[in-house]
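Participant: Chain residues, written in single-letter form:
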Amino acid sequence: MSKTLFLGDEALAQAALDAGLSGVYAYPGTPSTEITEFIQNSKQGRAGEVHSIWAGNEKTAMESAIGMSYAGKRAMVCMKHVGLNVAADPFMNSSITGANGGLVVVVADDPSMHSSQDEQDSRYYAKFALIPSFEPSNQQEAYDITYAAFDFSEKYHTPVLIRLTTRLSHSRAGVERKAERPQNPLHIEDNPKQYILLPANARVHYRTLLGKQEAFENESLNSPFNKYIDGENKKMGIIASGIAYNYLMENFEGGKCPYPVLKISQYPLPSKLIAKMVDECETVLVAEEGYPFIEEQVRGILNRTGNIIGRLSGALPRDGELNPNLVAKALGLPDSYGAPVPELVVPRPPALCVGCPHIDSYNAINAAMEKYGKGKVFADIGCYTLGALPPYNAIYTTVDMGASITMAKGAVDAGLRPALAVIGDSTFTHSGMTSLLDCIYEKTPVTVMILDNSTTGMTGGQDSHALGVLGEICKGLGVEEEHIHRITPLKAHHEENVAIIQKELEYEGVSVIIPTRECIQTLSRRMKKQQAAKK
Amino acid sequence: MKIDIILAGVGGQGILSIATIVGYAAVKRGMYMKQAEVHGMSQRGGDVQSHFRLSDQEIASDLIPMGKADMIISVEPMESLRYLPWLNPETGWLITNDQPFVNIPNYPDFDKLSAELGKLKNKVVINADKIAKDLGSARSANMVILGAASPYLGIPFEEIENAVRENFARKGEDVVNVNIACLRAGKEFAEKL
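Protein sequence lines, in the order shown, are assigned to chains H and G.
When we follow my numbering, the leftmost residue of the first sequence carries the number 1, and every step to the right adds one.
When we follow my numbering, the leftmost residue of the second sequence carries the number 1, and every step to the right adds one.
Warning: the hint list may mix true and false statements.
Over the 12 Å line for every Cβ pair with chain H, so calculated as not near, a few chain G residues [claimed, not checked]:
| no. | residue |
| --- | --- |
| 1 | Met1 |
| 2 | Leu135 |
| 3 | Ser137 |
| 4 | Leu153 |
| 5 | Glu159 |
| 6 | Phe189 |
Rough simulated footprint, nothing fancy, chain G against chain H, three-plus residues with beta-carbon under 8 Å [what the hints assert, rightly or not]:
| no. | stretch |
| --- | --- |
| 7 | 26 to 36 |
| 8 | 165 to 179 |
| 9 | 240 to 247 |
| 10 | 323 to 329 |
| 11 | 339 to 347 |
| 12 | 351 to 358 |
Please keep in mind that the hints were generated in silico from the structure rather than gathered at the bench.
Beta carbons: idealized from backbone N, C-alpha and C, even for Gly.
With the sequences and hints as input, model every part of the structure.
Facilitator: Encoded structure:
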């Protein structure tokens, strides 16, 4: 069968479609966004045969996926690593309810924080929830594992987690597909207690989950995705998981490693294979992308023997992505390096696009805030986080989705005046509405600017749930009508905008200002499409 | 046969279409390919790079080891220099546009920049913007660069031409022709050096 070029994200998406997916639920987030977009643009997605519309946030996505699995159909939920924090409540409890239709949770981690605020490792979440997880090492495995993950989920009536990392998500290679199979029929299990997590039921389900652990480990032991490859030289053995396996093999011509290698792509860890390696080899190097998840388990906190090395021992860096050179160094192989970067090369950080509406919003914010001094603008996650950089230097916090409003509230509660929150339209519907409700409930004097560019900009322009109705949402939540303003972020309106912001900063209650102008990227795409249609 | 390329530029300059075209030609020849891209926040006018690997053997790593790249193909001169640590210092070739993309206040002095490029042993430095503009499509500078790199790719030129044709086919015959002209002009320039 011929191969198709796929990003890791796309290979996974194609596998889900081929395995009989009925719905994907997701909120966009780098590096996971392309999974859902691929399904949206697929034949089944466009025909509406597979649900693929964006969810409001990762929690609502996870819950919808649980609902689809409850109804007997195969569901997938996709997010970036920090999205799983948002979805953690339904995710953790989905391991207690178990699954009916195959339920696959895909989490794309971002080691080195290319587009993220931390580099948390989602394998811990799977272990925390006591469910199996998979970590593909390449695009073909991303396909094969995803296809198999739905079967695994249905065989053991459990959700499973697939962990991707940035390099695999966004790297392209040829992938061979399997046969397409039909979706499951609608089917409700005759087990009314399964999804009612009253304590009495949950205790029973939890024991059932605990009872599955041995079988999960046996599956890892016999998994086609975990391999023990023997080597002559027992001075060292290498455990390599996920994409780290590729970096290891890059260092050996033709993939011939002289040391025994244990490739891990399925968890829980197969302890028998680990024991074999530790018994057989003098030193064991653990190469893994992300946190020292395997290393920590293999060596334990006492590290009595001291012969397990990796990110904790310093053989590999404790943080950041791996690469072939770092693994070469850990193996004691000669390192390679080209010429140094010439001194005149300077950093070119990302910047707001020319013509971006946020530029005008920040110019107005900076002018309005000048008389109040520094430290009083609380921002959020999105393109507008770039307001932290010169020439704006306009914001002082960016922590998590929705935190701008509630952090401003906390600072006001502590006595800070005035406090301005800056949040995007999509981030507001993701996690800002309940924050705003807290402020309304207490009549906290905060001014909230919802930068409405009518899209989820940073991830490439996905639809925003509050398109055209932000004002109504705020009014409905309880913001007084005279303190809700739509403004136009353009140079021509600068003075007027500054005056509105300053007036509301003086108001001892909740105000919402909504600078409204379409994202320059989505606008230019729309214009091009319109022009093409005219031709 | 194996060729490792770092593609470099600024977000929005079209380095990924170079990869798409060469990738199409390579896969058609039955070669293996891996291509790591940058998506997300850094795309907003920041520096972007792509590790692009072709081989007749299976490829292990998505990332090219430092000091091992056969080529840097860049649509921006300062960006081409950012990836020198990846270029094989003996045998590697650097192919770059000489037209700076200035979107930062501290962009280096142009003369110093070209002096730095001048120090390199194996290089093609080309005013791709002008060639593309003269041929009637300022946006096709990336095809000029690809043409300039084509003698070093180890893929027959006709196959790259076909890949360009395939890639732009849905945009109409005029677009195809101007891109092919840009590709050929780049190749001629490199061969005259």
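Participant: Next step is simple, just say for each hint if it's right about the structure.
Facilitator: Outcome of the hint check:
no., hint, result
1, Met1, "15 Å, holds"
2, Leu135, "22 Å, holds"
3, Ser137, "16 Å, holds"
4, Leu153, "18 Å, holds"
5, Glu159, "16 Å, holds"
6, Phe189, "24 Å, holds"
7, 26 to 36, "holds (count 4)"
8, 165 to 179, "holds (count 7)"
9, 240 to 247, "holds (count 3)"
10, 323 to 329, "holds (count 4)"
11, 339 to 347, "holds (count 8)"
12, 351 to 358, "holds (count 3)"
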